Every structure is written in C-alpha cells, then in structure tokens.
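Visitor: Just so you know, the sequences run in chain order A and B.
Quick note: the first sequence, position 128, residue 127 per numbering that gives the first Met the number 0, numbers continuous.
Quick note: the second sequence, position 35, residue 34 per numbering that gives the first Met the number 0, numbers continuous.
Since the hints were derived computationally from the structure, they do not count as laboratory data.
Computed list of lysine to any residue pairs in SDA-like fashion (alpha-carbon distance at most 25 Å, straight line): (1) A/K34 with B/I21; (2) A/K130 with B/P108; (3) A/K104 with B/S56; (4) A/K104 with B/L87; (5) B/K109 with A/G147; (6) A/K109 with B/G89; (7) B/K137 with A/H164; (8) A/K109 with B/P76; (9) B/K109 with A/G136; (10) A/K109 with B/Q63; (11) A/K109 with B/D75; (12) A/K130 with B/Y128; (13) A/K34 with B/K7; (14) B/K109 with A/T124; (15) A/K104 with B/S95; (16) A/K104 with B/L162; (17) A/K109 with B/F26.
Chain B regions said to be covered by chain A (calculated; three or more residues, Cβ under 8 Å): (18) 13-20; (19) 74-87; (20) 105-118; (21) 132-143.
These figures come from a predicted structure and were not determined experimentally.
Ideal placement from N, C-alpha and C gives every residue a C-beta, glycine not left out.
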Amino acid sequence: MMPIHFTYHPCRSGLRGIFFKFKVMAHGFGRRYFKAFVSGFFVAVPVTVTFLDRVACVARVEGASMQPSLNPEGRLGSDIVLLNRWRIRNYEVHRGDIVSLVSPKNPEQKIIKRVIALEGDIIKTMGYRNKFVRIPGGHVWVEGDHHGHSFDSNSFGPVSLGLLHAHATYILWPPNRWQKLKSFIPPDRNPVEKEDEYLQQ
Amino acid sequence: MIQGVLGKTLGFLGYTVQYGCIAHCAFEYLGEIVVCSGPSMEPTIKNYDVVISENLSRHFYSIQKGDIIIAKSPNDPRTNICKRVIGLEGDKVCVSDPSHLLKKHSYVPKGHVWLEGDNLKNSTDSRSYGPVPYALIKGRIFLKVWPLNAFGFLQASPNGRILRKD
Chain A
0 MMPIHFTYHP CRSGLRGIFF KFKVMAHGFG RRYFKAFVSG FFVAVPVTVT
50 FLDRVACVAR VEGASMQPSL NPEGRLGSDI VLLNRWRIRN YEVHRGDIVS
100 LVSPKNPEQK IIKRVIALEG DIIKTMGYRN KFVRIPGGHV WVEGDHHGHS
150 FDSNSFGPVS LGLLHAHATY ILWPPNRWQK LKSFIPPDRN PVEKEDEYLQ
200 Q
Chain B
0 MIQGVLGKTL GFLGYTVQYG CIAHCAFEYL GEIVVCSGPS MEPTIKNYDV
50 VISENLSRHF YSIQKGDIII AKSPNDPRTN ICKRVIGLEG DKVCVSDPSH
100 LLKKHSYVPK GHVWLEGDNL KNSTDSRSYG PVPYALIKGR IFLKVWPLNA
150 FGFLQASPNG RILRKD
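Just chain A, with the same shape it has in the complex (with noise of 0.2 Å):
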C-alpha cells in the first residue's frame, strides 16, 4: 500500500488549501461527534432499561378504584406513584402491600391493588362466586381500597404472583401528597382463622 500523506501541498495552498483543510476537519469531527453518539447511545440505553425493569419506575395511577389511598380527588387530579420493582425480584410480598401487577384480563394493562392474602390464607370474598376462597399456592387475593368501584380479584379470583410489577412505596406527585404508602389490611379483611367456619360452606 502506498503512504498517502496529507503534508502542504503546493497546489493546495490559497482558498482551496483553507476549503481542503476545512472538509478534513468536519470529516474528523463528525466522525467523532458519531462516535461518541454510539458509544454513548449503547450505554444509556440498555442502562436506562434494565434500571426501569429491575430497580424503580414511576406511574401515575388512573381511576378511583384504590381511593382514598390513592387518587383521593377523584377526576381532579392524578396521584403519580414510585413503583419499587427491586423489591419484589423473588415475589416477596406482605399482606396489605400495594402492588401493581398486570391485569389477568388484558395483558396489556397494568392494575395497582392491595395485598390482601397470601398462598395458603382463607379469606372471605365479597362478590366472588364461592363465599370463601382457600388461595391456591403462587397466588395472592389482591382488592382495591375502594369496595364496589374496583375490577380486582373478587371478579377474577386468585392471582398468579408471575403476574406481579412493582411495590409501590411513595406517591410522588401532586408535592403536597408526597408521602410513603403505608401498608396495611382494611378493618375485616383479615384472612379467616378458623378453618371449620370454611369447611360449613
């Protein structure tokens, strides 16, 4: 192969020198400008990715069905909640915990419920077909805070855990709201203790 070299030549020199010398360095520039955009495009995104799958991401909550918890105003405003996805990698969750997970119903939709109970838990359902439920294992009865305005398990029954999104842990949005969700179990929702009560229906 022969040396090119880009050494001052004769012919080159004038306005045609500047102009030649000019595209050398917008190739250069652009070529590093590209560069760094790839390089930078190949770490960003798969980052930005897997931090929203694995670790945290943000929702805003639509509908009354968890009200008052959530979306207390109704249509006026929309509460906009962080959804801490590290939490639940090994499908840990406690009753009372508000989870989003996807809608049995519509793979596409994503559903934000309270953990009601567990894998092994009898609870007293509230207008699903049989008036006590034994959930299944890898299951959990989830329900909306709001009783009678929610499309939660007492229509769809007991939900796979592979189902489950996110804990939601803190509303973020509207300022004033900022808060940590508490967790707990709405008055008599606690799963049924004695097992005869079960075994009459």
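Position chain B relative to chain A; hints supplied.
Guide: What follows is chain B alone, placed relative to chain A:
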C-alpha cells in the same frame, strides 16, 4: 498508585454494569438459549434438549395457536414451563383427557391461553391448573440446536389437540 487502582476498579465496575445491562435487555427483549428438562413435551422436545427462544412475538402479541412457548409456572413464578399453545382467548378447547369417552369443552377466557404438553400422559398443564394469563408467557421457542441430528425448526402438534374453527 492508589488513584490508578481506584480508576481501574471503577472502570471495571462500569463495564460490568454496562454489559450486564446489555445482557438483561437481550435476554428480556430478544431471546435466549434454554435447556429443557422433563418429559412433558416429548416427542417434540426431549429431556435436556437445547433450544433457542425469541421474545419479540410475545411483546408484539403475535403468539399463535400451535406455538411452543416458555412461561412462568402459574403456581410457582420462580420456575418455568415449556408447553404448546392449544387455544388463545375465546377459542374452544377440549378440557378432558383424550382417553375419556365424554368430551368436555370450554372457552378460554379473555387475556388467557390454554397450554398443554405434547406428552398428554405425562404433563402438568392447563388441564390441571386451568387457563394461564398471557402475561406469564416469556418467549416462543422456534429452533432446536441440540442434539445436532435434530437441529431445525420444531414440528407441529403430534396429537391433534388443537381444535380448528369450522
């Protein structure tokens, strides 16, 4: 000296995070290599066959009847199952065993799929735990790579459990 070591450690950590994230994205959204174990998909997939799954059709909702898929087990989200899709939402499926004289049929509810193994005699599937939510599907198996003499695309359902619409 210390600065150099610190810089190198930080650089190494950065690369680890970066490649870990790239790996996560690839396995989550593109596809992965899976070693299947268990007899439920014989004769299509035998014990310890190596297959490649792609996760794009799951994200684009283009899973079809007859596809072999990997899904999270509905009873234990930490384990995966490998089954064939027998019916999509709204499809009519045969709920009873093929040996039963009385055939029971049912419709798959909205947002769910009906999964069965190809080895009907030795498979825990939708016949025992019912329809499975679509969101539990992780990917579609499309290529078998090991053993080498069985390399290639997977064959269609061998036992005619998929009901065609008349």
